[in-house]
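Please take these sequences and the hints and turn them into a complete structure.
Here the protein sequences line up with chains A and B, keeping their order.
With our numbering, letter number 74 in the first sequence gets 74, and the count goes up by one each step, no holes.
With our numbering, letter number 445 in the second sequence gets 445, and the count goes up by one each step, no holes.
If you are wondering where the hints come from, they were derived from the structure by calculation, not from laboratory data.
Heads up, some of the hints might be wrong.
Said to hold, decoys possible - Label pairs and their in silico Cβ distance ranges: (1) A:Asn115 / B:Lys698: 19 to 27 Å; (2) B:Glu736 / A:Ser55: 38 to 46 Å; (3) A:Lys152 / B:Asp686: 31 to 39 Å; (4) A:Gly53 / B:Gly223: 31 to 39 Å; (5) B:Thr336 / A:Ser143: 42 to 50 Å; (6) A:Ser143 / B:Glu47: 52 to 60 Å; (7) A:Asn115 / B:Gln601: 52 to 60 Å; (8) B:Thr336 / A:Lys152: 51 to 59 Å; (9) A:Asn116 / B:His369: 43 to 51 Å; (10) A:Ser55 / B:Thr152: 28 to 36 Å; (11) A:Ser55 / B:Glu221: 29 to 37 Å; (12) A:Ser143 / B:Asp264: 50 to 58 Å.
For every residue, glycine included, the Cβ atom is placed at its ideal position computed from N, Cα and C.
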Amino acid sequence: MSTFNLTINGETATVDVDPATPLLWVLRDHLKLVGTKYGCGIAQCGACTVHIGDSAVRSCQIPVSAVGSQSVTTIEGLSENGDHPVQLAWIENDVPQCGYCQAGQIMSAAALLKNNPNPSDEEIAATMSGNICRCGTYTRIRSAIRQAAENKTA
Amino acid sequence: MTLIRTKIGRRSFIRTTAMAGGGLVLSFSWLASCKQEEATVAELPDEWFELNGYLKVGDNGMVTIMSPNPEIGQNVKTSMPMIVAEELDADWSLVIVEQAPLNTEVFTRQLAGGSQSIRQGWDGLRMAGATAREMLKQAAANSWEVPIGEITTHEGMIEHEASGKKAGYGEFAAAAAQLEVPEEVEMKDPSEFKIIGTSRKNVDGPKIVTGKPLFGLDYYEDGMVTAMTIHPPAFGARLKSFDAETAKNMPGIVDVFSIKLYEDGYLKHPFDTTAFNEIIVVAGNSTWEVMNAKKAVKAEWEPISEYMDEYTDFRTGEALPKRIPAGMESSGDHRTEMETLGAKLAKVTRKDGDPDKAFRNAAKVIERHYSCPFLAHNTLEPMNFFAHVTETEAKLVGPIQTPEFMEKSVAARLNMPLENIDIQMTRQGGGFGRRLYGHFVVEAALISQKLKAPAKVVYTREDDMSYGNYRPAYYATYRAAFDENNEITAFHVRAGGIPESPLFAHRFPAGAIDNYLAEEWAIDSNISVGAFRAPRSNFIAGAEQSFLDEIAEEMGKDPIAMRLEWLEKAKNNPVGENNDYDAARYAGVLELVRDKSGWNQNAEGKYRGVSAYYCHNSYVAQVLDMVMKNGKPAVDNVTCAIDCGIVVNPDAATNLTQGGVIDGIGHAMYSQLSFKEGSPEQQNFDRYRLIRHNEAPKSIDVHFVESDVHPTGLGEPPFPPIMGAVANALYKATGERYYHQPFISEKQLRG
Ligand code: FES
Ligand code: FES
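This is the structure we're talking about:
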């Protein structure tokens, strides 16, 4: 067990855990930030996607000891009132079915738009293919990302 | 308007004066709101008045509607309350939706399966809304001293035009709650619908996109233990012994023990299905610690001997014995068995005319073979459940499609009266049939009982994928006979699988062919199977629709025109009697998809496949367009026509259909669960391939047939036919026919 001081959604959180514990489980079990989901544990499904700095990462692959002082953003901290352009576009396009994958999808999409405000369909596909949606909402995800891109630049 | 009696069988809308639902209102974080959350909180009423088990009206006009059925992504949590709100004439912006707990006294069929929620809930939901509206009107009539017949309602307002009196529902909620439930109420004519048939957004949408705790896996209670299980690594094996000394001493570990799921002599219902009755449990303080300790448990397994398993029939309750053979099965052997044993084991299930003679006298016969592998459901949220069992009662919370059945299983296993078991349903990260089978609910209860603590059992992806009730492996042989004019004279299907047949002998093209023969067979297995989105149809539709494509080609006919000709015959001059479809509605979706897809127009550079199917009381036809991208076929666009009666929530129905199409393309092209020595060879998404974003169609256009027929299934029907459309388009794109799923492992599609 070791103590880690993490910066999550702009706040400091202290946890006392095994240094190998993946960030995913620290978020879910220890900090009760359960918006970040478990789907595979091996970087294949994207359900656990969070931001470290401006990059989307799979939190199931990052041991808490590797986080250091970098700032972590989870779905709970993406916006204060659920009004990030990607979140709004998700509601507007009524994307979710079961909804389980969607936090990860939104976090991947938000990072994509941050780094590439106007992605082509191919660029969207290249980034978003790391996120599985078992319910098959891919066409709506694409529309929502396009819409979020427009609303951002408008 | 239709006048209906307000009682369905023994169930009536008895009001509970004790405000049974009141307590739930306080736990606001679990409520879903159609309004922005902030606004709703501010407007919560001081007092709620329950008018019946489905709804309560607040003193300020706010309405809470209970959504009775499990939400697995099929949108019932939005669309079922819409039906209540319609007949209530509620203002949808003032509606809050709550997931109802399991309550068999009030609600009928709280089950998600068979695409039946809306279909079977339809009358009850409408009646709940209509009854409450009638009571509100009566309360207003009494107070205003005017005849109830002169009172109208509109978006949560009650009005008496002659006197100019007007009030919101909230004003009369208290008085209405004192009234007798009317014996009869009027329901609207579909032409009067204002909410049904208009698109309303997912009531949980704002919570989903902000990551609020909604799912079973998100459920935590203070002092809760996390538990994981270890099951045999292969079907055909069982637990012999285990050594958990190291594991028990690892950090954070509370206990390691084994549990026996069902006791000897307990008669299982179909949703108790499990291959592994004894498993090891590792329980601890956190998921990561438990995952690590799991690896340190040393277990020994031994082969099972053949045994008879017994499950009651879902409909009749009759006990059905099932032979479970010994042995460790492999997919290679399965394939050989299916190819060689089918013809020997087959039994005739339908015969029209004289097919034997027609085949003997044929100028030409074509014969084709189709197959598909086992599939794992792979709901993205793995199996999990929470339980808190004390000496006298059990509280269970989590994702389950069959709460009513599993409540019985838990009661029997804990030896507790049914009324001491409380099951609460969370939102579910996918179902697809997997969560019909709730062995994990019983596991959670046993773990909590043993540890005397609240406990949540959680499956890793590997556990989830290797302990399934899978989609069976199927195999079908189709034959068609033609005369010298190339007209079809006979049709023969022989289908079977491990361990069940996928055949529906009375579906199209039965009824359209004079000489028709259907046969089926099955081979026993110890691999556990269960319902998977559109059971059996999910294979046989694609096989049949690919074969029809070959017949059309053989006859030199357009595949849509040929189907329409056959349906015309089935409509006007049907062969046989039990034909299980309405030929006119079937033809209707084919015509609609033909027109909407521009089938008869030249589609440069596009390779098109058509398919149509009827299941779960709905009709679906699809045209799938492929294009060549870097020398490989890729799905471009799909046009889908559906007749599922009245569509409650069109945009959500479109979403569900698009999902079904993508799901079907994915499973036809990429997915399979293969076995080696009883072990699934794919245990996570590195080897089990699911369709991904870049493989999905560019667009999926969905068209509903306008209808005032009561709603029928939608969660399943769009799924089966698309596999045929994929195969038929692949043929156009590559010049080769695809017979064996997943198509990616065939020939030139391999990368
Ligand atoms: S849980 Fe991390 S990628 Fe699947
Ligand atoms: S919405 Fe269900 S997994 Fe994506």
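For each hint, the structure was consulted:
1. A:Asn115 / B:Lys698: 19 to 27 Å: holds, 24 Å
2. B:Glu736 / A:Ser55: 38 to 46 Å: holds, 43 Å
3. A:Lys152 / B:Asp686: 31 to 39 Å: holds, 34 Å
4. A:Gly53 / B:Gly223: 31 to 39 Å: Check passed, 36 Å falls within 31 to 39 Å.
5. B:Thr336 / A:Ser143: 42 to 50 Å: Cβ of Thr336 (chain B) to Cβ of Ser143 (chain A): about 46 Å, so the range 42 to 50 Å holds.
6. A:Ser143 / B:Glu47: 52 to 60 Å: Check failed, 43 Å falls outside 52 to 60 Å.
7. A:Asn115 / B:Gln601: 52 to 60 Å: violated, 41 Å
8. B:Thr336 / A:Lys152: 51 to 59 Å: holds, 57 Å
9. A:Asn116 / B:His369: 43 to 51 Å: holds, 48 Å
10. A:Ser55 / B:Thr152: 28 to 36 Å: Roughly 58 Å apart at Cβ, these two residues miss the hinted range, so it is violated.
11. A:Ser55 / B:Glu221: 29 to 37 Å: Distance hint for Ser55 (chain A), Glu221 (chain B) holds at roughly 35 Å.
12. A:Ser143 / B:Asp264: 50 to 58 Å: holds, 55 Å
When held up to the earlier numbered hints, the structure conflicts with 6, 7, 10 and fits the remainder.
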